[in-house]
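**Q** For the sequence shown, numbering that gives the first Met the number 0 assigns the number 0 to the initial residue and increments by one for each residue that follows.
These are calculated hints, taken from the structure and not from any lab test. Just so you know, not all the hints are guaranteed correct.
[What the hints assert, rightly or not] Simulated restraints, written as ranges between beta carbons of each label pair: (1) Leu13 with Asp48: 35 to 43 Å; (2) Phe35 with Asn2: 13 to 21 Å; (3) Asn2 with His41: 17 to 25 Å; (4) Gly20 with Glu51: 45 to 53 Å.
Nothing here was measured: the structure is a model prediction, and the numbers come from that model. Yeah, the Cβ is synthetic: ideal placement off N, Cα and C, and Gly gets one too.
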Amino acid sequence: MLNGKSNVTLEMALRLSQTLGRSPESWLAMQNNYDFWQTRKHFNLDEVDKLEFVTQ
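Could you build all of it, start to finish, from the sequences and the hints given here?
**A** Now the structure itself:
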């Protein structure tokens, strides 16, 4: 987990919360932020077309 090879799961978040004192939600939020950061580094939004909405 600390070396970036394992994700914080729901169960792990509960265990970390009990052991280290932060809320489980904070551990999951940190994992989510890390995942988002990793995805942004490797994902090119220029390759995604915008969706056009048609109104009648």
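**Q** All hints, please: hold or fail.
**A** Each hint tested on the structure:
no.	hint	result
1	Leu13 with Asp48: 35 to 43 Å	40 Å, holds
2	Phe35 with Asn2: 13 to 21 Å	19 Å, holds
3	Asn2 with His41: 17 to 25 Å	19 Å, holds
4	Gly20 with Glu51: 45 to 53 Å	49 Å, holds
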